[in-house]
Amino acid sequence: MSTVTVNGTRERESLGEFLLRAPAVGPALALVVAVVVFSFATDTFFDLDNLSTVVQQSLVVGTLALGQTLIILIAGIDLSNASSMVVATLVMAKLAAAGTNGFVALVAGVVLTIVVGLFIGTLATRIKLPAFIITLGTFTGLTAVAKLIAGGQAVPVTDGLLQWLGTKRYLFGGIPITYGMTLALIMFLVVWYALTKTAWGKHVYAVGNAPESARLSGIKVNRTVLSVYLVAGLCFGIAAWQALGRTPNADPNQFQLGNLDSITAVVLGGTSLFGGRGSVLGTLFGALVVAVLRSGLTQMGVDGNYQDLATGALLIAAVVVDRIARRQQQS
Amino acid sequence: MRQRSLTALAVAAAVAVSTAGCTVERHWGGDTAKAGSGKAKVGLVTKTDTNPYFVELRNAAAKAAKANGAEFSALAGQFDGDNDGQVRAIENLMQQGVNTILITPSSSTGVLKAIQDARDAGILVIALDTATEPADAVDATFATDNFAAGEQEGAYVKAALVGADPKLLMVDGTAGASVDTQRHGGFLKGMGLEDGAPQIKGHTNANGDQSLAQQGMENLLQRTTDLNAIYSMNEPMGRGAHAALKARGLTGQVVLGSIDGGCEGVQNVKSGQLAVTVMQFPRKMAEQGVLAAVDYAKTGKKPSGFVNTGSTTITDKPLPGVESKDTAWGLQNCWGGTE
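Heads up: the protein sequence lines correspond to chains A and B, in order. With full-length UniProt numbering as the guide, the letters of the first sequence map in order to residues 1 to 331. With full-length UniProt numbering as the guide, the letters of the second sequence map in order to residues 1 to 339.
Check each hint, because a few of them may be wrong.
Distance condition first, Cα-Cα at most 25 Å in a straight line; then the derived DSS-like pairs of lysine-lysine [to be verified]:
| no. | chain 1 | residue 1 | chain 2 | residue 2 |
| --- | --- | --- | --- | --- |
| 1 | B | K270 | A | K94 |
| 2 | B | K63 | A | K147 |
| 3 | B | K167 | B | K113 |
Reference listing, derived: stretches of chain A covered by chain B, where coverage requires no fewer than 3 residues with Cβ under 8 Å from a Cβ of chain B [said to hold, decoys possible]:
| no. | stretch |
| --- | --- |
| 4 | 91–104 |
| 5 | 205–219 |
| 6 | 225–234 |
These aren't lab readings, by the way, just hints derived from the structure by calculation. Ideal placement from N, C-alpha and C gives every residue a C-beta, glycine not left out.
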């Protein structure tokens with residue numbers, strides 16, 4: 001691929017090593033290939049409005065996946081992120097419907113998802129329960145809470161602020177950009193900066209790679225883990241805001257597979273499920289790849305079941321690449 | 001320390017398992033109340049307990065049971081398509097000794113064995129809302145004729161096109177589900193089209209989810225905006241389709257039809273988001289089901305066959321040759337209101 005300098009001598013770097021050093025490159029390539037293929041396969045895909053729509057379609061899952069990336073980087077997992085988000089949309093919608101100020105309703109929803117993060121993080125650090133088990137419990141519980149709050153009714157949202165991320169838009173070089181897209185981009189940039197340029201980011205990777213070594217080198221492991229769940233909770237609260245911007249209707253039956261969709265985006269983005277390796281840029285590409293596949297295949301007239309089949313195949317391919325890259329690194 | 005964390009893990013796992021699915025005690029042949037003994041014990045199994053449609057069905061059944069002095073308990077699957085949850089619900093009701101089970105089967109074939117077990121134990125089983133395949137797997141079915149409902153939607157959309165050649169996009173529900181298949185087929189018959197006809201410009205499956213319907217429609221509209229008719233299988237998906245049309249400024253040129261008759265859906269017709277919806281009557285299904293149960297408990301007489309509880313076209317723009325009611329009537333008769 002490219003050359004790197006090792007011990008003063010230039011050696012050729014293998015594909016695996018390259019992918020390991022830059023895990024976002026694979027998904028970025030997949031995204032470019034998908035966009036190019038669909039642009040040629042249909043006359044309708046390559047269109048600025050459509051590209052904008054595809055990004056908007058991936059916003060909710062993308063924002064969920066941003067938080068999920070942080071959690072998976074520390075070798076955790078969150079099965080309850082989408083249910084926590086759905087509860088937050090219902091809380092926001094119910095409060096707004098009862099006449100509460102939109103900003104207060106928004107804050108209440110976001111605080112709720114952060115509290116859920118605090119709960120999961122506390123169990124994970126204090127009692128050392130596996131994240132899988134904790135979040136399996138919170139997933140089931142929160143799904144029930146959502147249905148109880150809704151009482152069998154979807155709650156329509158008319159509050160301007162709660163819909164703001166979907167309704168407000170401007171043109172950038174001819175491309176319609178919603179405020180939701182802008183906010184998501186800012187969030188990805190902030191988290192990317194925090195992960196790559198700050199001590200906190202280095203701690204997150206270290207904890208994910210080898211928690212015991214991290215502890216011995218003086219990193220406060222528990223505090224790092226807890227902070228990750230809190231930041232992720234914030235992401236899930238904002239995902240709820242994004243969801244109301246897309247569909248101004250809080251419905252407990254929406255996003256039932258949102259948790260798995262977010263994990264799909266993270267894994268497609270090249271982040272390892274074993275922790276310590278990956279990037280939020282990869283996740284951004286991973287979320288976009290899924291939306292591009294759906295949009296392009298629909299425009300080609302491909303049946304929905306085949307679309308799921310394609311997504312599944314891509315997911316397995318991504319894990320295979322991750323495995324091969326790791327093996328090459330070890331040998 | 002290690003011991004403690006293991007114990008905690010075991011406790012957590014037990015909690016997770018017990019909340020994820022109810023545990024089933026398997027003692028067969030409990031004291032099922034005998035037919036003819038007079039006291040009706042009615043169990044209702046719905047697809048979920050959260051959809052407003054099934055909430056209406058459950059509330060109406062509970063009310064009818066109370067009015068007729070019958071014992072009543074309601075159970076549900078956890079999500080649409082949760083056959084296993086429904087089988088457990090049937091087993092639990094048998095355990096409670098009910099003499100009638102009213103069920104909206106998640107799939108037309110997935111719960112047949114459990115239904116057979118219940119019938120073998122002398123329990124009257126009536127399918128509400130969704131027929132089983134074969135239909136005689138239950139004693140009787142009280143339901144909307146979904147094919148007819150789809151046909152009504154199609155007939156209205158066709159009439160609204162006033163002779164223009166249809167250019168149709170279809171928002172389907174869950175691929176392969178019987179209600180979906182029947183409404184889809186009925187709609188095409190009402191339109192005078194066949195599956196695969198060139199007038200059908202595309203279709204998407206949205207599993208009844210509004211946000212998925214919106215996404216699917218956005219993608220289809222990218223393929224073509226030269227259209228004049230949209231089928232949606234239910235109202236949440238109709239709302240999703242409308243959102244996608246509105247973003248493109250296409251609502252004026254398209255006749256968007258739906259089925260269900262929920263109060264929110266009737267409001268959507270009133271505000272012009274939907275041109276038409278076809279109302280079904282869950283309350284009637286539930287009431288008639290409970291009355292049949294009471295009758296069975298008293299006399300041992302079982303109902304049989306398919307009882308159509310009817311469907312009514314709701315629109316504020318009536319068209320010649322299509323029988324319809326307006327939204328004022330619709331709002332008085334809709335289900336899932338906030339009362």
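A quick look at each hint next to the structure:
Straight-line distance between C-alpha atoms of K270/B and K94/A comes to about 23 Å, which keeps the hinted pair within the 25 Å bound. Taking the CA atoms of K63/B and K147/A, the gap is about 22 Å. The hint holds against a cut of 25 Å. At most 25 Å may separate the alpha-carbon atoms for a hinted pair to count; K167/B and K113/B exceed this at roughly 43 Å. With a cut-off of 8 Å between beta carbons, the stretch 91–104 of chain A has 0 residues touching chain B; three or more are needed, and the interface restraint is violated.
Check result for the stretch 205–219 of chain A against chain B: violated, 0 residues qualifying (beta carbon to beta carbon below 8 Å, three or more required). Using a Cβ-Cβ cut-off of 8 Å, 0 residues of the stretch 225–234 of chain A lie near chain B, which falls short of the minimum of three, so the contact claim is violated.
In summary, the structure is inconsistent with hints 3, 4, 5, 6 from the numbered list given earlier, while agreeing with the others.
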